[in-house]
Each structure stands twice: as structure tokens, then as C-alpha cells.
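Spelled out, the chains give:
Number of protein chains: 2
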Amino acid sequence: MHNTTLKKISEILGISISTVSRALKHHPDISLKTRQKVIDLAEALDYEPNASAVQLRTRNSKLLGLMVPTISNYFYETFIAAVEEDARKQGYSVMILQSGNDPVIELENLKLFRQNRVSGVFACLSLSTTDMKGFERMRELDIPVVFFDNVPEEDGLHKICMADEKSAQLAAELILQQPYQSVLALFGNPQLSITKKREEALKLAFQSHPKIELLVEHAGNSEEAQNITHAMLDKHQPDIIFCMSDEILIGVLKTIQQRGLHYPDNIALLTISNGTIPKLFHPQITYIETSGEKLGRLAFSHMLNCINGNSEAKELLVDAVLVKGGSV
Amino acid sequence: MHNTTLKKISEILGISISTVSRALKHHPDISLKTRQKVIDLAEALDYEPNASAVQLRTRNSKLLGLMVPTISNYFYETFIAAVEEDARKQGYSVMILQSGNDPVIELENLKLFRQNRVSGVFACLSLSTTDMKGFERMRELDIPVVFFDNVPEEDGLHKICMADEKSAQLAAELILQQPYQSVLALFGNPQLSITKKREEALKLAFQSHPKIELLVEHAGNSEEAQNITHAMLDKHQPDIIFCMSDEILIGVLKTIQQRGLHYPDNIALLTISNGTIPKLFHPQITYIETSGEKLGRLAFSHMLNCINGNSEAKELLVDAVLVKGGSV
DNA sequence: AACATTTTCGCAAAGGTTTGCGGAAATGTT
DNA sequence: AACATTTCCGCAAACCTTTGCGAAAATGTT
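Chains as they are written, first to last, in our numbering: chain E, 1 to 328; chain A, 1 to 328.
Simulated pairs of lysine-lysine, DSS-like, Cα-Cα distance not exceeding 27 Å:
{"#": "1", "chain 1": "A", "residue 1": "K89", "chain 2": "E", "residue 2": "K111"}
{"#": "2", "chain 1": "A", "residue 1": "K133", "chain 2": "A", "residue 2": "K196"}
{"#": "3", "chain 1": "A", "residue 1": "K133", "chain 2": "E", "residue 2": "K89"}
{"#": "4", "chain 1": "E", "residue 1": "K62", "chain 2": "A", "residue 2": "K89"}
Calculated directly from the structure, the hints in this document are not laboratory data.
As the structure is a prediction and not an experimental result, all values here were calculated from the model.
All chains, please: the whole structure from these sequences, using the hints.
Written out as C-alpha cells, the structure is:
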């Protein structure tokens, strides 16, 4: 419990605290001789600067906040991993908090970020966020907020998204190339920004092909997706099922397996995913890639720009790429 | 950028800083009248205590460190999610760092934890950790360390593990109940503490059944597992494949799907997992549960005990439970 | 030797909070 | 009214670091 401080070092060496402080950061004011003495002793005593004291004095925390509905998610975990990795390389630490899709907790978390004087916040909105008060307070305090995945509709904010429209278009193109007559499209929670964008874009792409049947359904989780798929398969004979996310895909796959169906023979499958789940199966599911990792790296570099003040609010997109498997 | 401080409140109200501080925490010394005045103004001004200042003064950080090889992992993500959730409820925040299985980064991360004066750290050893110096320094500073998953062999440390021996025994029992003649057992990196424990226990259980063929192999990742499985299936005809982890299972499943095999008819499958992956398939893979969530909750409550000083070093186990699917 | 310049260092304030102690004001007791 | 209590609040130090400014010491210049 014996923490070395600048004071301790200064007392031992019989010099002032400020000299020690300066020596440790190679300030030119300090002679090479004393500097070396200080550095050696600091090394020997395992001196490690008190982050709280530094932050209190400098008002610069080298700490970033990151909030997601839950860490335990195929997509967020890769996003987080990427952000943490890049942050570490730049000397930043990341404080990761979960909202559990609860707006109240979300507010508390933002408060925590503020209390810890984070230099910036990455935020994925909870499902039911309507009140942006907490985020406005961030702006008042000049703490940059970079939204990702589920982002607010409001303009003038920093947002990092995958190219939702394009990914849906890509999906539509692929589907329309084939001679499919009936398409079942399953989406997630309709409140999510990504759901809205993907759904709209897909519907739009199908408008020019009125002969093709487009069945659209929503499922809040994979179980619902599973049940809905069963119900739809009872009533219709879709040639292909499009899933807007891993969550949905999982439910669909269960139904297909339960019914002993085989893709792509009995029915084709197409999904949007980061690839983890699609690659678990054989044949691999064809998917349009949403790379949490790419999103994370982009978000971090954008955050760095924000912190350094050279970045007007803008929406950045990670391009959508088709990854062919054997399911279409 | 206008941060409210105790000083500002005190100046507006014409009272001392200490009175404001005390009023805000309902100290009995302060009259109800002033207390209310202070609280109201603090509310109006969105006062939010500066965590750095508090921590500097109180030497109590309400911050916990958590280090894993990578966040992006079926098991760790649930562990982290559980710890973060419980921590939040108790007013703690979690600083999550990844080692990337690099001992150098591991050391740096520990240093970061120290600089931020965390109250405790949860650590999963990197694959190649041999030097425990960083952790010893934690002990010198009276910062409790709770190890989990891949833990050091050394005694006298806090460790939270799943019941590795028991889970392997459970697996062996289940296998031996059936009329299997040949068993392929696939393990992960032999350096991992969990690998060692599981492998030893399984072998031990099979010693009393010398007529049954036990083929043991190691794979560092799922691709290796996939290849090894192919190779083994070419040469042998195991009745069942036992996988020590999700990572391994994934590789095995690919091979099985590639070969057009069906479980449990052509070959049986048994794994150790938190359930996420096994439940993706139909029939579900039978697995012995290692719940990252349970482990996380246990780890956190143990950490709380450590922080409060009422806990001698000990190894806690999360019980192993068999979850029947349709793969055996 | 007298002066100007450079090198090297220390003083002190600041950042925001907590807390032991002591003192003034209010209240109670005879 | 004189005293003892209780209630309420402020002073000041401490936590550890950074940094502007000024001053002493060393060096250079004539």
C-alpha cells in the first residue's frame, strides 16, 4: 500500500516536486544529471502517476465512454473490441457501459461518463430512447458524442453507420437477379433506425417489380423470428428468406432445420451480418457484411478528429459488401 | 463548458464549500433549511461531482479493472456483461482492457489499472503469460485480483472457475453410459489451465475402461479443429466426438456438415459450452454448461468480499450442469 | 571585474473534493 | 441571568499533479 508520489521522490532526492515532475517528462529546463537521477529513482520505486490527480489538474482524461444496449452481442462485441484496441494504441482507455435498452439506465450512464470527465462518448441508442436530454448535456459540456448502429434521426450529429440503404439494395439486386417469385423479408424491431432504413430501401427496390410477392414481417428476437417463419411457411411458399440481422437469421435457421428443409435447394437464404453466424453453417449463408470491426475503427478515428476539433458533424458510412456463401 | 462545482454553489449561496459538500450528502450537521437550499441549487445547476477529485481525496475509486484476451468471444462477452451489470448496481464502473494474448500488453494494462487506482481487477491470463510480476505488484498495492477462466496454477490466489474436473467427469459418465467403442476428444491450447484440467479429468475417467478407444487431440482454433476432425475421421471411426469448447465445436460441426454426416445417427456430439452455439443447431448439441454469466456474477460478489476485506484467498467453482440436446 | 545571458531549479497556485476540529449562534437548564 | 448543551457552520489541510513566473547559480562576454 506504499504508493510512490512525486513528493516522495522529491524528498529522497532533496529537490522540489516541480523539478521531479519536469524531469519525468523530459522538460528542457532540467539538467541531464538531475533528470537521470529522478528517472532512475522513479524506476526503482515503481512510480506510476496518479491518473486522478493528473486529470484533475489537466482536465484531460484520456478516457472514452462507450455505451451499448448489451455487450453480449455478435455485433457490438466486435465493435467494442476494435474501439478498445485502437484506443489503447493512442493512449486512451475505454469505459464500457450497458444500457440494457433502458432509457433510465442510459441517462445514469451518461451521467457517469460526465462525472468521470470522459473526453468523448460512443453511443448506440437504446430501443426506447426518446428523450435526448442526456446527450444534449454532453454537447453543452463540449463532450463529443459519436453515435453508431442505432442512431438518432436528428441532423447535425456525428453518426457512424453501415451503408444500410446500400446493403438493402444489394440484397434486393441479388434477389432480383434470380427467378424468385416470392420473397419473405424479416426485419427486427421497427423502432430501430437500422430497421427503418433497411426496410425502406428494400421495399423501394421491389417497387419496380410488382409481380414479385414481397412479404414483410418484424420480429423482436430470434424466437419470434422462428415462430413467424413457421407461420409464414405454413401459409406461403417463399423462394427466399431475407434476414436483416443475425438475430433474425438464427430464428429462421432453427425453423428450417426443424422442418428438415435444405438451403439453397428447398429455400434460399440471405442475411445481413458480420459473418460470424453465417460462417458457422455449411453451406455458408450468403450475407451482406456489416463489420463491427470496421465500424469501430472508423468510429474511433472520427472520435479522434472530434476531440482535436477538426471535424464538423457528419454521418460516415461503412461500405456494404456482398459475401457469397452457398445459400442463394 | 460551464462545469458546476461545490465552490460555485457555495459562492452563489454565500456559504462555505464544506457546508455545500455536507449538505449534498445529508450530513446531520447541516440544518434542513440550508440543506434544501443547497440541494435545490445543485439540482438546478446540474451539479455532478468530479470523480477525479473525489477519488483523489478519498482514495476510493469505485472503478474495477477487467482484462480478457479479447472481448469478442462467446464466453467472455457474457462474463463481462454480467460483471458490468452487477457492478453498475453497486455503483462501480468497469474499465475493460484486452490483452490480445500478448504478455507485454498485459503488463501495460495492469499498469493502467494501477494508474487509475482501480479498487480491484478481474483477470483472465493471456495464453503465454509466464511472468506474474505485474500481478504481484497488484498485491503489494493491496489491489485484489480475481482470476477467472484461464487462471494461474499458483496457490493462495482468488480464482473463479467452472468445475472443470466435474464437467469432464460428467462428460465421461454420459459417454460411458452409451455403448460407444471409440471416442474422439478434442481439446484447445494445452497451455490453458482449463485445457489441462479438463483433459486430465477425462483421461482419468476413461482409465477404468481400457477397452474403449480414447483418441485425444489438440487444436488452437476452430480451423485446426476442422482439419483435425477431417483427418481423424479418415483414419478412425469414432462413435462420438467430445469438444472441450465452442471454438472446437465450431470446427467439428463444419467438418460434419461438409461430410454430410448427421448427428446423432452417424456420430454423436458432446461439448462444453455456455449454450449459445449449441442452441443454434437443430437438433441442439448436448452440452455441459459453462455459464459466463454465472461465473461473472460469482466473480463480482467475490470481488466485493475481497474489497471489503472479508475473504481469504480461495478458489470458487461454478457447478457444471448437463444440458441435454439431441446430439448424443 | 563588472555585466549580460543562459541554465537550472523552486515557490505557489490551481484543480475539486472531503473531513477533523474548533467556534459562533441558538437553545435549554437552573 | 448565568451557565451548560446542542445545533449549525467555516477554516484549513490534505489528496497528487502541473505550470507560470521568478530567482539563484552558472556560464559567457567585454
